[in-house]
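**Student:** Chains as they are written, first to last, in our numbering: chain V, 1 to 379; chain B, 1 to 379.
Among the hints, a few may not be true.
Pairs involving identical chains hold if they fit within one copy or between any two copies, as the list cannot separate such chains.
With a straight-line Cα cutoff of 25 Å, these simulated DSS-like cross-link-like pairs (lysine-lysine) come out [said to hold, decoys possible]:
1. Lys157 x Lys93
2. Lys210 x Lys237
3. Lys198 x Lys187
4. Lys181 x Lys198
5. Lys323 x Lys198
6. Lys322 x Lys198
Everything labelled a hint here was simulated from the structure, so no lab data went into it.
Protein chains: 2
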Amino acid sequence: MKAMRQARRREFLKSSMTAAGLAWTARAISAQEAPAKPAGPPRIKFAAIGLDHGHITGQCRAVIRGGGELVSWYAKEDTDVVKSFMKSFPEVKRAKSEQEILDDKSIALVASAGIANERAPLGVRVMKAGKDYMSDKPGLTTLEQLAEVRKVQKETKRIYSIDYSERLENKASVAAGELVKAGAIGKVIQTLGTGPHKMTPQTRPSWFFKKEQYGGILTDIASHQFDQFLFFTGSTKAEVVASQVGNVHHPQYPELEDFGDVMLRGNGGAGYIRVDWFTPESFPVFGDGRLTILGTDGFIEIRKNIDIGGRERGSHLFLVDKKGTRYIDTNNQELPYGRLLVDDVLNRTETAMPQEHCLLAMELAVKAEKNAQRINLTL
Amino acid sequence: MKAMRQARRREFLKSSMTAAGLAWTARAISAQEAPAKPAGPPRIKFAAIGLDHGHITGQCRAVIRGGGELVSWYAKEDTDVVKSFMKSFPEVKRAKSEQEILDDKSIALVASAGIANERAPLGVRVMKAGKDYMSDKPGLTTLEQLAEVRKVQKETKRIYSIDYSERLENKASVAAGELVKAGAIGKVIQTLGTGPHKMTPQTRPSWFFKKEQYGGILTDIASHQFDQFLFFTGSTKAEVVASQVGNVHHPQYPELEDFGDVMLRGNGGAGYIRVDWFTPESFPVFGDGRLTILGTDGFIEIRKNIDIGGRERGSHLFLVDKKGTRYIDTNNQELPYGRLLVDDVLNRTETAMPQEHCLLAMELAVKAEKNAQRINLTL
Chain V
1 MKAMRQARRR EFLKSSMTAA GLAWTARAIS AQEAPAKPAG PPRIKFAAIG
51 LDHGHITGQC RAVIRGGGEL VSWYAKEDTD VVKSFMKSFP EVKRAKSEQE
101 ILDDKSIALV ASAGIANERA PLGVRVMKAG KDYMSDKPGL TTLEQLAEVR
151 KVQKETKRIY SIDYSERLEN KASVAAGELV KAGAIGKVIQ TLGTGPHKMT
201 PQTRPSWFFK KEQYGGILTD IASHQFDQFL FFTGSTKAEV VASQVGNVHH
251 PQYPELEDFG DVMLRGNGGA GYIRVDWFTP ESFPVFGDGR LTILGTDGFI
301 EIRKNIDIGG RERGSHLFLV DKKGTRYIDT NNQELPYGRL LVDDVLNRTE
351 TAMPQEHCLL AMELAVKAEK NAQRINLTL
Chain B
1 MKAMRQARRR EFLKSSMTAA GLAWTARAIS AQEAPAKPAG PPRIKFAAIG
51 LDHGHITGQC RAVIRGGGEL VSWYAKEDTD VVKSFMKSFP EVKRAKSEQE
101 ILDDKSIALV ASAGIANERA PLGVRVMKAG KDYMSDKPGL TTLEQLAEVR
151 KVQKETKRIY SIDYSERLEN KASVAAGELV KAGAIGKVIQ TLGTGPHKMT
201 PQTRPSWFFK KEQYGGILTD IASHQFDQFL FFTGSTKAEV VASQVGNVHH
251 PQYPELEDFG DVMLRGNGGA GYIRVDWFTP ESFPVFGDGR LTILGTDGFI
301 EIRKNIDIGG RERGSHLFLV DKKGTRYIDT NNQELPYGRL LVDDVLNRTE
351 TAMPQEHCLL AMELAVKAEK NAQRINLTL
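Same shape as in the complex, but just chain V:
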């Protein structure tokens, strides 16, 4: 066991040295050595309520990797997502009601990927039941929901976490976080994030096309980029300089927004976000998500899911600094979100993500959506 661990450590050290030099090696090693699957008895028990988006499987896997035991789940209807979820977790009990889970004192955390505008009301009920909460993004869809979530979170002191997976569950994003923290590109000036998406409308439930339910394109898929903007610029305050949304090419779905963009300014840097639903169906991944982090001493480009016309797989990181340009394969990077969230549940800390940050990202997303100018193109 010790020998295996040392071998793994040596292997990681090697790739880490090639990859990113010395400054951030120590940090990366400690993250890397966390177990990929829970070792020993589970650290907490948790449940899932609301299985309306396939993201729920990834959310549960993150918590399991972090030491959680998925003990039950509840969903109203037997959707395709539910069927797929049951195949992933066949041994886990289906509860008869949401209340059954809320009443179960052994359950410390509830994960949800319900319909977007139902996530906050559920989270409020979960927190009032004395449990912590982890929502798929977007974690809420209106400023009224945000106010209620903030109020109940402060009253109950429960955790309201949102799984901004394009950062928390992407190895290149996590590696970029380490690099930026270590000062690899000096001080951050701006983030430029793009989140193009494949729509595959035949696989989407009806709520995907109803604005009240999905929340608008900036609230929904751009919420990832708001999180990244705040995280990488280190901003604790920020404003939306301008935002635009439009349905430029999908008249058959009148409430869909297929394009949106946002300009931002925070106390730690500027930001720009662009999202859309125009990725061709033939594209091998859900979208060519990118993030460029501009610093005073260089820049980092992340190609999260694919390197078009280039290298295999995802999680690509390119670092340009005063010493030159380096490609960094981040596939050995650990994803610590689940582990840190379980730590937080046990220790009442905020190591996975500060609570203020989590909700400020959504505040910006909802405000950008609400105040967006409308793009009307005659294509």
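Position chain B relative to chain V; hints supplied.
**Tutor:** Same frame as chain V, now just chain B:
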């Protein structure tokens, strides 16, 4: 001669077929077969006035490739640029004054890379002397200059061309223009252009650091991106949705702006532009200029000068459409700007660039600069 031409045609056809398929082959061939150097007697005579930026060499080379004969030049001082220019064109006569060139009836066109805020007044004098004009970008720096240029251009019917070289003199940009025109990505929705730059302050003349003279970062280096936004979206009208500029890390140059960004909306699509002076000095090219063109059926990414951590050289084009993802090496693409400009001088046409487009790009740049919000970061 005919055999050579056929061989070249075959070779090009081959690369063209690999590269971009059939739809745009015919157009590309006709461009490719234009001579790389003037063949036969020169089609026009031209001169250069104002050698304050090294771009003047590239501008003159473009016109020479297009069939122009550089017959004289004038500069007030013997700057480094002047010395370098004299090495490039040792056989060309140095005129004793600007007036000597303006009075020379044999000269049809004047090229200039003078100090940025002196380019428009010179252009007005050139047009009034009955000659056409080609300016380095930015082609003007204030709305007052723009009004005067528009007025005199209409009165004299002379050409006021601006060499937006990141499009006109970059092979990947020209190839992207062909692809978009051929419908390769459907209808264009947005352009996202970044123009990071290396500053190398010790090589910059004093006017580079004086805002009145260089015009501000959005007027200066972002003018390229305004041109690309209008060109690729096909917009003939557009507005600046929001713009920001800042000096976030160069207090020693108080009038320098080292960061700027702009959100745009035109009648043919949306746009975003980001420019900065933070590229490390060790970077092998002047900057990692990129352009992503989002269409209804796919997208094109251009890596103009370098493919970081990837392929050799510049002029890289990546096309994602319904059929898949293709990398396109555009190094065989002809650069037609100089040839078309000489055509226009001879035929009184606007094939190199519509006059309205040329000046609308500068109008947007100057307005974005003038109305920009100020970024004040405490880094």
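**Student:** State for each hint whether it applies.
**Tutor:** Hints versus structure:
1. Lys157 x Lys93: neither (28 Å within a copy, 81 Å between copies)
2. Lys210 x Lys237: neither (31 Å within a copy, 32 Å between copies)
3. Lys198 x Lys187: Answer is between: at 17 Å across copies they meet the 25 Å cutoff, but 34 Å inside does not.
4. Lys181 x Lys198: For lysine 181 and lysine 198, the Cα distance is within 25 Å only across copies (24 Å; inside one copy 32 Å).
5. Lys323 x Lys198: between (37 Å within a copy, 14 Å between copies)
6. Lys322 x Lys198: Answer is between; shortest inter-copy Cα gap is 12 Å, intra-copy 37 Å.
The structure does not agree with the numbered hints 1 and 2 stated previously, though it agrees with the rest.
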